[in-house]
Amino acid sequence: MTELLVGTKKGLFVLEGAPGAPFEVTARAFAGEPVEYALRDPRSGRVLASVTSPFYGPKLWYAEDPAGDWEQADGVALPEGGAAALERIWVIVAGESDGTLYAGGDPGVLFESHDGGASWALNRGLWEHPTREAWQPGGGGLCLHSIATWPGEPDRLAVAISAAGVWLTEDGGQTWRRGNEGLVARYLPDEAPADEVALCVHRLHRAPTQPERMFMQFHGGVYRSDDAGATWAGIADGLPSDFGFPLALDPTDADSAYVIPLTADTDRVTPDGRVRVYETRDAGASWSARGEGLPQQDAYLTVLREAFDRAGEDAAFELYFGSTSGDVFGSGDAGATWSTAATRLPPVYSISAQR
Amino acid sequence: MPSVRLRGPLKRLADDRSDHAVAGATVGELLRELERAQPAMAGWILDERGRIRRHINVFVNGERGGEDTAVDNDDRVEILPAISGG
Chain Z
1 MTELLVGTKK
11 GLFVLEGAPG
21 APFEVTARAF
31 AGEPVEYALR
41 DPRSGRVLAS
51 VTSPFYGPKL
61 WYAEDPAGDW
71 EQADGVALPE
81 GGAAALERIW
91 VIVAGESDGT
101 LYAGGDPGVL
111 FESHDGGASW
121 ALNRGLWEHP
131 TREAWQPGGG
141 GLCLHSIATW
151 PGEPDRLAVA
161 ISAAGVWLTE
171 DGGQTWRRGN
181 EGLVARYLPD
191 EAPADEVALC
201 VHRLHRAPTQ
211 PERMFMQFHG
221 GVYRSDDAGA
231 TWAGIADGLP
241 SDFGFPLALD
251 PTDADSAYVI
261 PLTADTDRVT
271 PDGRVRVYET
281 RDAGASWSAR
291 GEGLPQQDAY
301 LTVLREAFDR
311 AGEDAAFELY
321 FGSTSGDVFG
331 SGDAGATWST
341 AATRLPPVYS
351 ISAQR
Chain V
356 MPSVRLRGPL
366 KRLADDRSDH
376 AVAGATVGEL
386 LRELERAQPA
396 MAGWILDERG
406 RIRRHINVFV
416 NGERGGEDTA
426 VDNDDRVEIL
436 PAISGG
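First to last, the sequence lines map onto chains Z and V. Numbering-wise, the numbering used here puts 167 at position 167 of the first sequence, and it's gapless, one number per residue. Numbering-wise, the numbering used here puts 437 at position 82 of the second sequence, and it's gapless, one number per residue.
Note that these hints are calculated values from the structure, not bench results. Some hints here could point you the wrong way.
Unchecked claim - Computed beta-carbon distance windows for the label pairs:
| hint | chain 1 | residue 1 | chain 2 | residue 2 | range |
| --- | --- | --- | --- | --- | --- |
| 1 | Z | Glu96 | V | Met356 | 31 to 41 angstroms |
| 2 | V | Ala425 | Z | Arg355 | 55 to 65 angstroms |
| 3 | V | Gly405 | Z | Gly139 | 23 to 33 angstroms |
| 4 | Z | Glu96 | V | Gly363 | 34 to 44 angstroms |
| 5 | V | Gly405 | Z | Pro154 | 31 to 41 angstroms |
| 6 | V | Pro394 | Z | Glu16 | 35 to 45 angstroms |
| 7 | V | Arg372 | Z | Gly32 | 55 to 65 angstroms |
| 8 | V | Arg372 | Z | Glu96 | 19 to 29 angstroms |
| 9 | V | Asn416 | Z | Thr26 | 29 to 39 angstroms |
| 10 | Z | Gly139 | V | Ile438 | 38 to 48 angstroms |
| 11 | Z | Glu133 | V | Asn416 | 21 to 31 angstroms |
| 12 | V | Gly363 | Z | Ala285 | 47 to 57 angstroms |
| 13 | Z | Gly68 | V | Gly363 | 12 to 22 angstroms |
| 14 | Z | Asp115 | V | Pro364 | 17 to 27 angstroms |
Predicted model, so just to flag it, every value in this text is computed and none were measured. The beta-carbon is built from N, C-alpha and C at its ideal position, and this holds for glycine as well.
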């Protein structure tokens, strides 16, 4: 049985099922409110959800049972009396240390919890970074949307911000340095300085079995780093478009990655009305379309950056993605074939999958 | 002392009570005092900058007000979510 936590424009939906058949909606929480992201911490079983009330602002909540009572987490706010307010929490990630979780949000902020998500503190190193004044928001805000932990090394993190690039720490977030060399932003002039930070990373993941390796979907470009984010090389040749948002990796194969290209930044739908996931099994040297079972005619879907996730590994490696038109698709064979897990949900913002 | 009326989730956060007597010479002062008296409400009406959230409306004796609107002892302040959505 696989559980999908589906964050939507109108609440959190908990789906349960197995790939190849429709999933059942087993719970709905925060009805009517935008749920940006939800995660079940695999260590504790606790579910955390990021909810952005249009009236009362962004909050993090946690529950032992998503169908039961939720508690509001403490400390998810910027310093009082400043010039900025927290706009949204985009993503929640389990850390390497017991009880540690990270949450990334807008305006380009990282929060840490060391008690399983009940209380949080702002990461001051990133918040007070001297370049912050130059950071520019992307279309979705100044969102810190990707947090890549390093297996077995809790002090090493990579985070990605749209549009302030990749930031790396090796001291638990006390200090941060850029990790952008090799990225090419076609929306900047050729003469842009080498230390330009206005880099619109759309999604970033680390390969768990080879942590020096990371993959990135950029705002025009797909990249791979083999040196822990110090430098990046383009790997988009063979894709129908190098624009997109979602990215997923195979946890046991560091040469594998999956993207869902969209036509272009000016037309953010699946190309040619066909929904296809693209897979590489050779670290980006080549890409193969994986669309069997997905709509292949008049299907103009938008898949957001957090709406693609995987569960299981090896023979049980599953992939799931959702669209802003309310469909959720799943594959139980590493993307070779797909089926519809749910339809007619509200616009899907995020999916978090767990077997 | 001015009175503040809360509804919906705000009421539930404030001991599940609608009406609260709160000291303050302006709407902003009054809301900060309300947060001090009802810590669970912190961040729900005012953001970190001390501004009333964009889709929250505050009325003083039936008229729309802001952080700087003066309030007197007999005034009645109502806090309501705006008519917005999508």
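Structure-based check of all given hints:
The hint said 31 to 41 angstroms for the Cβ distance between Glu96/Z and Met356/V, and at roughly 52 angstroms that hint is violated. At roughly 59 angstroms, the beta carbons of Ala425/V and Arg355/Z sit within the given window of 55 to 65 angstroms. With their beta carbons about 28 angstroms apart, Gly405/V and Gly139/Z fall inside the hinted range of 23 to 33 angstroms. Separation of Glu96/Z from Gly363/V is about 40 angstroms and conforms to the stated range, judged on CB atoms against 34 to 44 angstroms.
Here the CB-CB span from Gly405/V to Pro154/Z is close to 36 angstroms, well matched to the stated 31 to 41 angstroms. At roughly 37 angstroms, the beta-carbon separation of Pro394/V and Glu16/Z lies within the given 35 to 45 angstroms, and the hint holds. In this structure the hint that Arg372/V and Gly32/Z lie 55 to 65 angstroms apart at CB is violated, the actual value being about 24 angstroms. For the pair Arg372/V and Glu96/Z, the supplied restraint of 19 to 29 angstroms is violated, since their beta-carbon distance comes to about 44 angstroms.
Roughly 48 angstroms separates the CB atoms of Asn416/V and Thr26/Z, a value that falls outside the hinted 29 to 39 angstroms. Look at Gly139/Z against Ile438/V: about 27 angstroms separates their beta carbons, and that is not inside 38 to 48 angstroms. Between Glu133/Z and Asn416/V the CB atoms are about 42 angstroms apart, so this pair departs from the stated range of 21 to 31 angstroms. Judged by the Cβ atoms, the range 47 to 57 angstroms given for Gly363/V and Ala285/Z holds: they are separated by roughly 56 angstroms.
Under the hint 12 to 22 angstroms, the C-beta atoms of Gly68/Z and Gly363/V, about 21 angstroms apart, fit the expected range. Asp115/Z and Pro364/V have their C-beta atoms about 25 angstroms apart, which keeps the hinted 17 to 27 angstroms range intact.
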